[in-house]
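Asks: Chain residues, written in single-letter form:
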Amino acid sequence: MRLRLRLSSIQHRRSARPSWLRRAHRLLALSFFWAAAACSDPGESATLTVWAHAGQPSERRVMQTLVAKFQQRYPHERVAVTFLPEGTYHAQVQAAAAAGELPDIVELDGPLVPRFVWQQLLVELDTLLPEQRTANLLPSIIEQGSFAGRLFAVGMFDSGLALYARRSNLEQHGIRIPTHPRAAWTRNEFEKILADLAADDLDGAVLDLKLNYTGEWFTYAFQPLFRSAGASLLPSAGSTTVAALDGPRSEALLRRLQRWIVEDRYVDPNTDDRAFIDGRVGVSLSGHWEYGRNSAAFGDDLLVLPLPDLGYGSKSAQGSWMWAITKASIARPRAAAFLAFLLEAEQILAMTSANGAIPATVDAIRASDRFGQDSPAHLFVTQLKEGFTVPRPRTPAYPVVTIAIQRLLYDVRTGESVGPAAVNAARRISRELAIVAGEAKEVTTDNDAQ
Amino acid sequence: MTTSKTFGAVVMLGVMTLFYLIPVIVMCVGSLMPDSRVLTDSLTVSRWGENLTLTNYRDVFERVQFGRFFLNSVVVTGGITIVGLFVNSLAGYALARFTFRGRRLFLFFVLVMVIVPFEAIAVPLFYLVSAVGWRDSYGVLILPFVANAFLIFFFYSFFLDIPRELEEAAWMDGASTSRIYWSVILPLAKPVFATGAILSFLFNWGAYLWPLLVTTGPEFRPLPIAIATFYTLPPLQWGDILAFGVLMTLPVIVAFVLFQRWFVESVTTSGLKG
Amino acid sequence: MRSDGNQSALAGLLLSMPAFVGLAAFVAMPFLAAVILSCTDAQLNSPLAMRFVGTEQYRRLLSDPMIRRALANNLVFAAVVVPVQTVLALLLAVLLELVPSGKRLFRVLLFLPVVFPMSLIAVVWILLYAPGETGPMNRVLSWLTLGGWEPRDFLRDPQLAFPAIILLSLWQGVGLQMVILSAALSRIPKELYEAAAIDRAGAFAQFRHITLPQLRNPLVFTMLLTTILAFRLFEQVRIMTHGGPGDATRTLLLQAVESAFDLQQIGEASALSVVLFCIVLCISVLQQVLLDEGRRS
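Protein chains in written order, with numbering that gives the first Met the number 0: chain A, 0 to 449; chain B, 0 to 273; chain C, 0 to 296.
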């Protein structure tokens, strides 16, 4: 079964390539196919295969429990989950896709959904999932999982970004406490707060931007600031000139950030990842995942506040791991049944209580201890539900976009000249946008792999 | 004069070796400590003896399929080495002893291939094997490394040095080519095969780049990838990671100490011949 | 050469065939593919038809500051590691000669890191480079400077990250070079030194006029081998720093693997591979020329 499938998918992939390469591939295939086939596992057609990122031990345990529960409910079903290391997760999935070895279901990070769709690796979910399951999902999940108006991935949880602060500290400095994203601190207000706090601080470093993190964090956490300043992460080819990554608004924002970090020295390097809970800083820009630790450290004194409004409204981040069904799957309705099961409130709550993320459906949120109506962390829900979150650029070029943005922000924090750095990043992104904008030679239907 | 010089040399060498061994010592001692103590105490000699434990070793086997990774490494390195010795020695023998069409061209080809570093072809090879759906198998980990230009040349120069008279005598007695190879050449070539085996082992045991590109799950993952993956697998427990390190090197170190003369000689002959 | 016609020719062909096929399929063909792919915009899993773009990939690489930084790092690595490792290896080899007993023990201990996979070494050294005053490297430095060392976060420090990578690479590489030099050292005829002693040549003069010239070829060989290794620098930076902070530890091979594997940019990565090959080719040719020269004189 698997064998035949692989052959057909190879032939399908091959047809998109020029003939010399096709011939070379066929030669290679002829000489090595049998060796490859002889060494690979024949597999069982009855088993649904799932790839997931390794994550925390508690997440892996819950996932295994959920699988067991699913098999209990549907005794004829078998689900095999393979956990892959997070560091190289997407590279592994891409490489496996190229070799025609994708499982039925893959987990992928939200912002990569457009690339996978563009690569024609995923199956549309609109018709496969029962409507009652998708209707219940947060708008942010639908937005993140859709591309070109169609749904390709669903998540059990979402993420969020906020400012953490201590009530006592803010009150002591006479600082207003905003309770809703619409009432967020304005740009001037925020800079005055930083100055006031710094005046009363030993080293003047009063803001934590989690500079100790690496990689995706910088795109995730700074893109809301770009959007709040009326700018975008895409160059002028992908947006209007004034809002472009290499445009004036973005440059002003980057200069401001650079001033905070390099000149005013407001930002704690946070090398020990304890700047906020050790009380070294008054305000910490961080994700929902720090709520547990911060809340344990400060109890009722902890505040969860919206990000500052830099001119175009307070914005927060969104997007997390999502599930998708691959075109390699020959058991799509069964795979969809598994996803529908995962989206039940009970399973969502089991998972979110293990990883501390924000449940993806309204009914699960209602039943959640951490994010319920009365919790300070309910702000994360408000942001997701009322449209204050912005997805990272939804383009097949995303992998290149995020690398370029991370490098740009590194240049900004190390004091490089902002203008040229932004132009450089914009150039790299434009190139990739132009490549992915090319017209696909062959549009395949959903059923061609079967 | 001489004694003081010798004494100085011993002291200097001793101190340098001690510093040199710090990472190995940290690995061994830390692997026996509870995770929380690894960072603080693995360099504090006075506290080495306190509540040492083997839990880290148990954890390794509980958390990952260590045996599978080890087996994978043995199968892959062993496969490359054994099949490779066979294939490369035959080619070396053919080049040294037979006239055939294209011999000089093949020899030139081998000499050119010696220069190509694997790193320069890893990307296109990855692309090609992906295109034919070849991935996650022992075959894709072994076959690309079986034919090795360096080893072919190595065997070729050895066979050139063997006096031809021995084979000619056997030839006169009516022995076939394969018979001559098995009963005349191979016994003579034992040390060369040992050297070739050790070099092949050293080239391939630590391979990281290729398995990174062509293995997905734990099924075919060899040790060098497994240790890097284990390090990134939460929770970060240094005791477990170091125990993993000790486990994966211990058999090699035992083999190395037992056959150290061979190891050293293999490396030096390859180096001195250049 | 045996020359009894067809049978010998056939045997020769048959015996060399497996190796030839292997080299052709897994070395020559991928290399040709690299050259061809480097002139295209090929991407893994792209739904688009591959386009020939001529030398565009190369032009872009040459103008990319990131690539220039990567190349510079490779060069700095070679410029530091080759002399330092050679001097250290030579020093150890000479000391080993002077030690009356236990030579074998020291040699085994010093050769040990060579049998460790680099990925294991990288992981262990992440622990050694742990930030804060409990980090083993910080501790050793503080101890050596009698407490004058301020704890640093080696792998995230733009100034220290690359030196940290260099140090562990030295640690791993010096054993191999030492063993080769040590073997060559013990092959120098003792009579040369005895004759020099009669001429009242001092230890340093003996080293300069006997040891070094006698070691010429092993030195050339190991130094250029290390230079080639400098351009293959990859595992350490992939596991320990991912090329960061910024581009401080980026190398050509890391860049090639990241664009091919993490970003699916096969065209760009192939161009980098070809550049890498050309560099190694130059070093190899230089190595051969120098070695031949040494053998002739």
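There could be a bad hint or two in this list.
For lysine-lysine, the following DSS-like pairs were computed, each having C-alpha atoms within a straight-line distance of at most 27 angstroms [what the hints assert, rightly or not]:
{"#": "1", "chain 1": "A", "residue 1": "LYS209", "chain 2": "A", "residue 2": "LYS384"}
{"#": "2", "chain 1": "B", "residue 1": "LYS4", "chain 2": "C", "residue 2": "LYS102"}
{"#": "3", "chain 1": "A", "residue 1": "LYS191", "chain 2": "A", "residue 2": "LYS209"}
{"#": "4", "chain 1": "B", "residue 1": "LYS189", "chain 2": "C", "residue 2": "LYS189"}
{"#": "5", "chain 1": "C", "residue 1": "LYS189", "chain 2": "C", "residue 2": "LYS102"}
Source of the hints: derived by calculation from the structure; they are not laboratory data.
Because the structure is a prediction, the values reported are computed rather than measured.
Asks: Are the hints correct? Go through all of them and say.
Replies: Quick rundown of the hints versus the structure:
1. LYS209/A <-> LYS384/A: holds (25 angstroms)
2. LYS4/B <-> LYS102/C: holds (16 angstroms)
3. LYS191/A <-> LYS209/A: holds (21 angstroms)
4. LYS189/B <-> LYS189/C: Between LYS189/B and LYS189/C the Cα gap is close to 31 angstroms, so the pair fails against 27 angstroms, i.e. violated.
5. LYS189/C <-> LYS102/C: Given that 27 angstroms is the threshold and the Cα spacing comes to 18 angstroms, the pair holds.
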